[in-house]
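Add chains L and V to chain F, keeping to what the hints say.
Protein chains in written order, with our numbering: chain F, 28 to 467; chain L, 83 to 376; chain V, 424 to 715.
Since the hints were derived computationally from the structure, they do not count as laboratory data.
Idealized CB from N, CA, C, for every residue including glycine.
Possibly wrong hints are sitting among the right ones.
Claimed, not checked - A partial selection of chain V residues facing chain L, derived with a Cβ cut-off under 10 angstroms:
id : residue
1  : ILE460
2  : LEU465
3  : TRP493
4  : TYR496
5  : ILE593
6  : PRO632
7  : MET643
8  : ASN647
9  : THR665
10 : TRP679
11 : THR693
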Amino acid sequence: MKRVTKMIVSTLLAASLAVGLSACGNSSGTNSSSGGKNNNTAPKEEKITLSFWGISTAEPEKSEMEKIIKEWNDNNPNIQIEYSGTENNAYKTKIKTAIAAGEAPDIMYSWTGGFAQPFVEAGKILNLDEYLTDETKDQMLPGALDNITYDGKVYGITYGQMAGALYVNTELFDQYQVKIPTTFSELMTAVDTFNQNGVKPMITGMKDLWPGMWIYDMIALRESGSQLSLDALNGKASFTDPAFVNAADKIQQLVNAGAFGNGILGMTQDEAEAEFNQGKVAMLFGGNWMASKMESDSSMVKGKIKAVRFPASEDGKGDPTEYVGGGSDAMLVSADTKYKEQAVKAATYLAKAQAEQGYLSGINLPTWKYDSLDQSQINPLAKEIMDNIITGAVGSVPVWDIYLNGADAKTHQDLVAEVFANQITPEQFGAQMQDKVNGN
Amino acid sequence: MQKLLGDKKAIFLFVFPTFLVFTIIIILPIFFSGYYSLLEWDGFSNGKFIGFGNYVDLFVNNTDGFTKGVKNSIVLAIVSVGIQLPLSLLLALILARGVKFEKLYRTVYFIPVIISTVVIGQLWMKIYHPNYGMLNIILNKIGLGFLANEWLGNTQTALGAVFVALLWQYVGYHMLLMYASAKSISTEIYEAAKIDGANEPTLALKITIPLMKPILRVCVVFSVIGSFKAFDLIYVLTNGGPLHATEVPTTIMYTSIFAKYQYGYGSAMAIFIIVECLVATVIIQRMFGKDPVN
Amino acid sequence: MESNVMTVPQMNPKSKFNLKKAGKVLLSLALAAYAIIQVYPLFWLLLFSFKDNNEIFGGNVLGLPEIWRWSNYTSALTTGDVGIYFINSIIVTAVTILLSSVMLAATSYAIVRMYWKLNNLFLTYFLIGLMVPIHATLLPLFVILRNMHMLNTYWSLIIPYVAFALPMGIFILTGFLNSIPRELEEAACIDGCSIYKIFGKIIIPLLRPALATVAIFTYMNTWNELMFANTFINSEKLKTLTVGIMSLAGQHTTDWGPIGAGLVIATIPTLLIYVLLSDQVQKSLIVGSVKG
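So that you can see chain F by itself, here it is in the shape it has in the complex (with noise of 0.2 angstroms):
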């Protein structure tokens, strides 16, 4: 028995030695392959490659993405960006454990808020505050920069935000001579309206939990404010506030009253969006590139679908025109990368080119400021939502599930389920976010 233990803690030491047994290893610095055949053949200018991690593997941000790598490499034979493409849910694993494991890409596609947090505060992302000038940023809309800055110093570019729209079904509530609401209580008058037509008044997939996270956001911000979301977000205000329990109410009314049908915990989003674009239900509130879907060729809502400010609340502190979203998509440099300074000149490429062919596509709202661009070839809804709900706002709040750290995030969006499902009351609802997510 000894002799087997001895044998297999001596193996396992071994093996230990062969692999080397930290975690958090040292960047061996072989994440940036370099063209070191060509070290010698051109010893002026060495030529260099850069890895770039991305998401986006579907048609057609693929063909986008190759277009605007090529662009790059023909301009600069000496700095080659090299892609590697991994499907969205699996990228949020991937780029995890390799950051983890020091094996971080010269350039990575991130989210911006709670999701990059952890990586900037272990000391893994490069601060950009010494590469980024005032031409560059000057191109970017006012606030671009707002999500991926941390502690006063920005980390990252983002190219594409998000904004949290109504989409109604004009068809649906021309039929019906429904009002397209304003307020809330208009709002409620539509949902009852459309459920004595036997129309389904709106649709989410909570099964995913952010769609119903967004709705709540959102009312929250029309209760509370731009200034105390951030607040209490940040831990100075609290979430026991009434604007948050009655934002909750207003959720429960909504259910009560039958403005999501039966069936909401069970759905997926991909299953809402399906019967939305079928024109079976009459509303929807959700993120600008749900917009692409609904304005694609196999949609049957194409060209009816108007997108709308969500309606504001009559006793609310919010502005009417205060919307949920902000930058959501940006581009990182890995604060182990040899070529500092290139990597901040491509990821600042890779960041305003994506957000011109995104705004273009109707896939993503561009962060960058966008007069050059050729505006009849934008996405209608798209520009839709840029024009009547971004421009003009007086301030914006991401949804929250971005805006805190993960676990934060999770407890926010069960909460909400919870809300959604008459699971606990409002006030239950205000005292155990405060609770789990502040602390006390």
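Structure of chains L and V alone, referenced to chain F:
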């Protein structure tokens, strides 16, 4: 023979490469996880050593309803052994004794196992869908409309609905193992028994099943461990929801590690799952009795 | 059903025959009905692969597609380099099955048949592998593979796949070997064989049905694996087929039709391999039972 089978050099040659690969790829990560499980660690920054704090959170403070997840997985293990395995055994015995289209059935019964879980998940979501789901449509058609339900969205029914899908998916898996074993039993034994006037069920009970004991044990162990580790289909169908009704240890672990940045805490769950499986395996082995190795 | 027949003692031969026949018919019906249930997913997947999101989500869930959208197959085949993905999957899977089969057979044989003190201990040691929740190993494995300089190579997939195939295989093979009488080997020994000859000439053929069964499972786990394949491989040229198919899922919205088409393409080889290997199981079983 004795000498040949005691050849130490041959034993080393046969076992060591397997041992090495296995140790580096599977055992070493367990040691990593064991170490992580003692840390309060997000996976990136420097972890803080907190001893068994994570384990205390798991069971004493029950922070994330982990005990409920464990309970769910135990229920799954019980229904797997109690319903799924008998069904697999029945099919295996029937097919092995020879029926028309034996080969076709053997192929077809295995199909759910080879189809990607993504597809199986999508299919069951369609079956359970509250509006256009097959199950509700059938219930309405046969006059049982009052039973129609929001199967995956209702906290009362979601766990059962997920279990049915899980049990169904792996019937063919165990059937294949049992079939191979039943088929390898010499036909002469049957002939002899038949002359003595034994009927088919008696044959199965008295001869086939006892001879299949080693593989049955394998199936029970796989089934129980598989239940404790079940993840893929649950993740696709409900991801632990609605309102955590269908959480199992692995879904909570996955969320902790990859969504909540609680690497240390999630590692503690991993270690618990390993220990849980180990204990269950030892108990099952005891129940089946020792195999006559050597 | 047949038990009823047999327990009724005073039955004249003719009616006994009829009852037995009725039982057989009922049994056949039950088997056929179950077969339909089991084959349905495949049929459904096939229809799914020709639909668009509107049909898949509610418009037409169960019926035939309104239009047969061959374009789903075109987009599945033209997004990324499916040909290369396919070859990668074949290489990784084939090497994994070959390597693991040899290792499994040798180790299982040594554990069950050979004389050494630690066989039971090693058996238990290998079984621990069955119990590891795979997601928890991702980061440690990433670190290990990096330090072995294997990341972003075929080996970064093959080695873990082989390792994870070992515990299940050893468990099945040792169970199988335990139920095989050892006379055959002893007879061979009288003829003066070396241990390696016994292993190669007698044990491997005897183990063929069990090895083929294990190979089916190894094949499925390897062919469909996503998490390692997504995380350990960066290069487009090394991606596997499953990863390529799931890449069709969009950042915000997903066209499920092309994914269905991709999954059909990925399932066909699986089906073929399964039929091939289980025939192998069948054949060797029959040969084996004649001998034994």
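> Checking against the hints above, which ones are violated?
Replying inline: 3 and 4
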